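Student: Here my numbering is used: the first residue of the sequence shown is 1, the next is one more, and so on.
If you're looking for bench data, these hints aren't it; they were derived computationally from the structure. As the structure is a prediction and not an experimental result, all values here were calculated from the model. Hints are not guaranteed to be accurate.
Within a straight-line C-alpha distance of at most 25 Å, the following computed SDA-like cross-link-like pairs (lysine to any residue) qualify [claimed, not checked]:
#: 1; residue 1: 61; residue 2: 50
#: 2; residue 1: 61; residue 2: 208
#: 3; residue 1: 124; residue 2: 110
#: 4; residue 1: 222; residue 2: 41
#: 5; residue 1: 56; residue 2: 46
#: 6; residue 1: 222; residue 2: 193
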Amino acid sequence: MLKPAAKLPLNKDAKLEELTDTFPFPKYHHAIDSEATPIVSLSLSGERGEPLYCDKCRTVKPERTHHCRECNRCAPKMDHHCIWINGCVDESNYRYFFMFVLYVAMYACWVEFHTASMLLENIKQQIGGNITLGFCWKAYKRIPFLTGVQGLGLEGISFHWYSITVLGFLFGLTLLGFAGVHFYYIINNRTSIEYVANRATFIRADFDKSGGNYEIIEIDPKTNLYDQGFYSNWCSVMGSNPFICLCNVYHSIAIHQIMGLILPAAI
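Starting from the given sequences, assemble the full structure and let the hints guide the process.
Tutor: Printed below as a string of C-alpha coordinates:
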(Lines of atoms letter the chains of each structure in order from A and count residues from 1; the text may use other names and numbers.)
(Lines give C-alpha, C1' and ligand atoms only; values in the text may rest on other atoms or scores of the structure.)
Protein backbone atom coordinates (compact mmCIF):
# COMPACT_ATOMS: atom_id res chain seq x y z
CA MET A 1 0.00 0.00 0.00
CA LEU A 2 2.91 2.33 0.64
CA LYS A 3 4.01 1.88 -2.97
CA PRO A 4 4.24 5.38 -4.50
CA ALA A 5 1.31 6.41 -6.63
CA ALA A 6 1.77 6.44 -10.38
CA LYS A 7 3.05 9.68 -11.84
CA LEU A 8 1.96 11.06 -15.18
CA PRO A 9 4.42 13.12 -17.23
CA LEU A 10 4.01 16.87 -17.12
CA ASN A 11 3.96 19.25 -20.04
CA LYS A 12 7.54 20.31 -19.34
CA ASP A 13 8.73 16.94 -20.67
CA ALA A 14 10.32 17.21 -24.13
CA LYS A 15 7.95 14.80 -25.89
CA LEU A 16 4.87 16.46 -24.50
CA GLU A 17 6.11 19.89 -25.51
CA GLU A 18 5.96 18.72 -29.12
CA LEU A 19 2.43 17.40 -28.66
CA THR A 20 0.99 20.33 -26.75
CA ASP A 21 2.48 23.36 -28.44
CA THR A 22 -0.71 23.83 -30.50
CA PHE A 23 -2.94 24.46 -27.47
CA PRO A 24 -5.48 25.92 -27.05
CA PHE A 25 -7.29 23.24 -29.00
CA PRO A 26 -8.72 24.07 -32.43
CA LYS A 27 -12.47 24.18 -32.86
CA TYR A 28 -13.74 21.00 -34.49
CA HIS A 29 -16.75 20.85 -36.76
CA HIS A 30 -19.39 18.17 -37.08
CA ALA A 31 -19.36 16.98 -40.71
CA ILE A 32 -20.34 13.33 -41.05
CA ASP A 33 -20.01 12.20 -44.65
CA SER A 34 -22.74 9.57 -44.58
CA GLU A 35 -24.79 7.45 -42.21
CA ALA A 36 -22.74 4.37 -43.12
CA THR A 37 -19.40 5.94 -42.19
CA PRO A 38 -17.46 3.47 -40.02
CA ILE A 39 -16.13 4.58 -36.63
CA VAL A 40 -12.35 4.83 -36.63
CA SER A 41 -11.83 5.60 -32.94
CA LEU A 42 -13.70 6.24 -29.69
CA SER A 43 -12.35 8.46 -26.94
CA LEU A 44 -13.53 10.48 -23.98
CA SER A 45 -13.71 14.17 -24.70
CA GLY A 46 -15.13 17.44 -23.51
CA GLU A 47 -18.64 18.58 -24.30
CA ARG A 48 -17.50 20.18 -27.59
CA GLY A 49 -15.27 17.29 -28.65
CA GLU A 50 -11.99 18.72 -27.36
CA PRO A 51 -9.50 16.33 -25.72
CA LEU A 52 -9.52 16.09 -21.96
CA TYR A 53 -6.99 18.56 -20.66
CA CYS A 54 -5.62 19.48 -17.23
CA ASP A 55 -5.06 23.22 -16.87
CA LYS A 56 -2.87 22.77 -13.80
CA CYS A 57 -0.53 20.14 -15.30
CA ARG A 58 -0.75 21.76 -18.75
CA THR A 59 -1.04 18.45 -20.52
CA VAL A 60 -3.57 16.09 -22.07
CA LYS A 61 -5.42 14.24 -19.33
CA PRO A 62 -5.95 10.50 -19.93
CA GLU A 63 -9.40 9.11 -19.25
CA ARG A 64 -10.27 8.23 -15.65
CA THR A 65 -7.60 10.64 -14.45
CA HIS A 66 -8.12 13.20 -11.71
CA HIS A 67 -5.91 16.05 -10.60
CA CYS A 68 -4.92 15.86 -6.93
CA ARG A 69 -4.52 19.24 -5.26
CA GLU A 70 -2.39 17.83 -2.45
CA CYS A 71 0.05 16.00 -4.75
CA ASN A 72 -0.22 18.73 -7.43
CA ARG A 73 -0.37 16.22 -10.29
CA CYS A 74 -2.83 14.03 -12.15
CA ALA A 75 -3.28 10.50 -10.84
CA PRO A 76 -4.58 7.69 -13.11
CA LYS A 77 -7.82 6.13 -11.86
CA MET A 78 -7.53 8.15 -8.66
CA ASP A 79 -9.77 7.01 -5.81
CA HIS A 80 -8.85 9.53 -3.11
CA HIS A 81 -5.94 11.22 -1.40
CA CYS A 82 -5.13 9.34 1.80
CA ILE A 83 -3.66 11.36 4.66
CA TRP A 84 -2.50 8.17 6.40
CA ILE A 85 -0.06 7.30 3.62
CA ASN A 86 0.47 10.92 2.57
CA GLY A 87 -0.29 10.15 -1.05
CA CYS A 88 -2.91 9.22 -3.60
CA VAL A 89 -4.70 5.90 -3.76
CA ASP A 90 -4.90 5.26 -7.49
CA GLU A 91 -4.37 2.64 -10.19
CA SER A 92 -0.89 1.70 -9.02
CA ASN A 93 -1.55 1.03 -5.32
CA TYR A 94 -5.31 0.56 -4.97
CA ARG A 95 -4.92 -3.21 -4.64
CA TYR A 96 -2.56 -2.86 -1.70
CA PHE A 97 -4.79 -0.25 -0.08
CA PHE A 98 -7.80 -2.57 -0.26
CA MET A 99 -5.84 -5.50 1.18
CA PHE A 100 -4.54 -3.32 4.01
CA VAL A 101 -8.03 -2.12 4.96
CA LEU A 102 -9.49 -5.63 4.66
CA TYR A 103 -6.81 -7.31 6.78
CA VAL A 104 -6.87 -4.63 9.48
CA ALA A 105 -10.67 -4.99 9.64
CA MET A 106 -10.40 -8.77 9.93
CA TYR A 107 -7.73 -8.49 12.61
CA ALA A 108 -9.81 -5.97 14.58
CA CYS A 109 -12.83 -8.30 14.42
CA TRP A 110 -10.67 -11.23 15.56
CA VAL A 111 -9.35 -9.18 18.49
CA GLU A 112 -12.88 -8.08 19.39
CA PHE A 113 -14.24 -11.63 19.32
CA HIS A 114 -11.53 -13.05 21.58
CA THR A 115 -11.18 -10.15 24.01
CA ALA A 116 -14.95 -9.71 24.40
CA SER A 117 -15.46 -13.40 25.16
CA MET A 118 -12.60 -13.46 27.68
CA LEU A 119 -13.76 -10.21 29.25
CA LEU A 120 -17.26 -11.60 29.76
CA GLU A 121 -15.83 -14.71 31.40
CA ASN A 122 -13.70 -12.57 33.71
CA ILE A 123 -16.72 -10.46 34.65
CA LYS A 124 -18.72 -13.58 35.47
CA GLN A 125 -15.92 -14.82 37.71
CA GLN A 126 -15.60 -11.45 39.44
CA ILE A 127 -19.31 -11.08 40.23
CA GLY A 128 -19.72 -14.79 40.98
CA GLY A 129 -22.57 -15.49 38.60
CA ASN A 130 -24.21 -14.66 35.31
CA ILE A 131 -24.50 -11.13 33.97
CA THR A 132 -28.02 -9.91 34.78
CA LEU A 133 -30.01 -6.93 33.53
CA GLY A 134 -29.66 -5.34 36.93
CA PHE A 135 -25.88 -5.54 36.73
CA CYS A 136 -25.90 -4.13 33.17
CA TRP A 137 -28.05 -1.19 34.30
CA LYS A 138 -25.75 -0.54 37.22
CA ALA A 139 -22.70 -0.63 34.93
CA TYR A 140 -24.44 1.60 32.38
CA LYS A 141 -25.06 4.32 34.96
CA ARG A 142 -21.41 4.33 36.01
CA ILE A 143 -19.20 3.71 32.96
CA PRO A 144 -20.73 6.19 30.46
CA PHE A 145 -20.12 9.02 32.93
CA LEU A 146 -16.51 7.93 33.51
CA THR A 147 -17.07 7.08 37.18
CA GLY A 148 -15.13 3.87 36.71
CA VAL A 149 -15.98 0.33 37.78
CA GLN A 150 -15.68 0.95 41.51
CA GLY A 151 -18.58 -0.64 43.30
CA LEU A 152 -19.26 -3.12 40.52
CA GLY A 153 -16.94 -5.79 41.90
CA LEU A 154 -14.69 -5.64 38.84
CA GLU A 155 -11.58 -4.12 40.40
CA GLY A 156 -9.61 -7.27 39.57
CA ILE A 157 -9.93 -6.74 35.81
CA SER A 158 -7.34 -4.51 34.17
CA PHE A 159 -8.53 -1.39 32.35
CA HIS A 160 -6.67 -2.61 29.25
CA TRP A 161 -9.30 -5.30 28.70
CA TYR A 162 -12.03 -2.71 28.39
CA SER A 163 -10.01 -0.42 26.12
CA ILE A 164 -8.99 -3.26 23.76
CA THR A 165 -12.57 -4.47 23.55
CA VAL A 166 -13.89 -1.00 22.73
CA LEU A 167 -11.13 -0.26 20.20
CA GLY A 168 -11.58 -3.65 18.53
CA PHE A 169 -15.29 -2.99 18.14
CA LEU A 170 -14.83 0.53 16.76
CA PHE A 171 -12.02 -0.35 14.34
CA GLY A 172 -13.65 -3.61 13.27
CA LEU A 173 -17.04 -2.06 12.57
CA THR A 174 -15.64 1.00 10.81
CA LEU A 175 -13.01 -0.72 8.67
CA LEU A 176 -15.25 -3.66 7.81
CA GLY A 177 -17.76 -1.22 6.36
CA PHE A 178 -14.96 0.68 4.62
CA ALA A 179 -13.63 -2.56 3.09
CA GLY A 180 -17.16 -3.48 2.01
CA VAL A 181 -17.59 -0.16 0.21
CA HIS A 182 -14.32 -0.57 -1.67
CA PHE A 183 -15.19 -4.18 -2.51
CA TYR A 184 -18.34 -2.78 -4.11
CA TYR A 185 -16.25 -0.27 -6.05
CA ILE A 186 -13.90 -3.01 -7.27
CA ILE A 187 -16.60 -5.37 -8.55
CA ASN A 188 -18.30 -2.44 -10.31
CA ASN A 189 -15.03 -1.00 -11.66
CA ARG A 190 -15.56 2.41 -10.15
CA THR A 191 -13.64 4.80 -7.92
CA SER A 192 -14.89 6.93 -5.06
CA ILE A 193 -14.62 10.03 -7.26
CA GLU A 194 -16.53 8.42 -10.12
CA TYR A 195 -19.22 7.17 -7.74
CA VAL A 196 -20.01 10.58 -6.24
CA ALA A 197 -19.57 12.54 -9.49
CA ASN A 198 -22.92 13.45 -11.01
CA ARG A 199 -21.97 14.74 -14.42
CA ALA A 200 -22.43 13.44 -17.92
CA THR A 201 -19.63 11.75 -19.86
CA PHE A 202 -18.95 12.67 -23.47
CA ILE A 203 -17.57 10.19 -26.01
CA ARG A 204 -16.12 11.34 -29.27
CA ALA A 205 -16.57 8.97 -32.22
CA ASP A 206 -14.20 9.85 -35.07
CA PHE A 207 -15.16 8.59 -38.53
CA ASP A 208 -11.81 9.34 -40.15
CA LYS A 209 -8.38 10.64 -39.20
CA SER A 210 -8.96 14.20 -40.33
CA GLY A 211 -10.16 15.41 -36.92
CA GLY A 212 -13.17 17.16 -38.39
CA ASN A 213 -15.53 14.26 -39.05
CA TYR A 214 -16.92 13.09 -35.74
CA GLU A 215 -19.96 12.70 -33.51
CA ILE A 216 -20.29 13.59 -29.80
CA ILE A 217 -22.27 11.11 -27.69
CA GLU A 218 -23.52 12.13 -24.25
CA ILE A 219 -23.63 9.33 -21.67
CA ASP A 220 -25.98 9.47 -18.69
CA PRO A 221 -24.17 10.03 -15.35
CA LYS A 222 -25.66 6.81 -13.97
CA THR A 223 -24.14 4.71 -16.76
CA ASN A 224 -20.92 2.90 -15.84
CA LEU A 225 -18.81 2.74 -18.99
CA TYR A 226 -16.13 0.53 -17.48
CA ASP A 227 -18.23 -2.24 -15.96
CA GLN A 228 -16.93 -5.47 -17.51
CA GLY A 229 -18.76 -7.81 -15.16
CA PHE A 230 -18.00 -9.01 -11.63
CA TYR A 231 -15.09 -11.33 -12.46
CA SER A 232 -13.35 -9.10 -15.00
CA ASN A 233 -13.68 -6.07 -12.74
CA TRP A 234 -12.17 -8.01 -9.84
CA CYS A 235 -9.28 -9.30 -11.96
CA SER A 236 -8.50 -5.83 -13.29
CA VAL A 237 -7.59 -4.74 -9.75
CA MET A 238 -6.68 -7.87 -7.80
CA GLY A 239 -5.27 -10.05 -10.59
CA SER A 240 -6.55 -13.26 -12.15
CA ASN A 241 -4.57 -15.70 -9.98
CA PRO A 242 -6.94 -16.84 -7.19
CA PHE A 243 -4.04 -18.06 -5.03
CA ILE A 244 -2.25 -14.72 -4.77
CA CYS A 245 -5.01 -12.16 -5.40
CA LEU A 246 -5.19 -11.42 -1.67
CA CYS A 247 -1.48 -11.83 -1.00
CA ASN A 248 0.88 -8.91 -0.65
CA VAL A 249 2.90 -9.67 -3.77
CA TYR A 250 3.79 -7.40 -6.65
CA HIS A 251 1.00 -7.09 -9.18
CA SER A 252 2.17 -5.69 -12.49
CA ILE A 253 -0.04 -3.22 -14.31
CA ALA A 254 0.05 -2.76 -18.05
CA ILE A 255 1.72 0.46 -19.10
CA HIS A 256 -1.28 1.45 -21.21
CA GLN A 257 -3.43 1.29 -18.08
CA ILE A 258 -1.03 3.52 -16.16
CA MET A 259 -0.79 6.03 -18.97
CA GLY A 260 -4.52 5.71 -19.59
CA LEU A 261 -4.51 5.78 -23.39
CA ILE A 262 -7.58 3.58 -23.58
CA LEU A 263 -8.95 1.66 -20.60
CA PRO A 264 -11.34 -1.27 -21.22
CA ALA A 265 -14.89 -0.01 -21.48
CA ALA A 266 -18.26 -1.74 -21.73
CA ILE A 267 -19.11 -0.22 -25.10
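Student: Tell me if the straight-line CA distance from residue 61 to residue 50 falls inside 25 Å.
Tutor: holds, 11 Å
Student: Between the alpha carbons of residue 222 and residue 193, is the straight-line distance 25 Å or under?
Tutor: holds, 13 Å
Student: Given the hint that residue 124 pairs with residue 110, test it: the Cα-Cα distance must not exceed 25 Å.
Tutor: At roughly 22 Å apart (the allowed maximum being 25 Å), residue 110 and residue 124 satisfy the hint.
Student: Holds or violated: residue 222 and residue 41, Cα atoms, limit 25 Å.
Tutor: holds, 24 Å
Student: Hinted pair, alpha-carbon criterion (25 Å max): residue 61, residue 208. Please report holds or violated.
Tutor: holds, 22 Å
Student: When you check the alpha-carbon spacing of residue 56 and residue 46, does it fall within 25 Å?
Tutor: holds, 17 Å
Violated hints: none; the structure is consistent with every hint.
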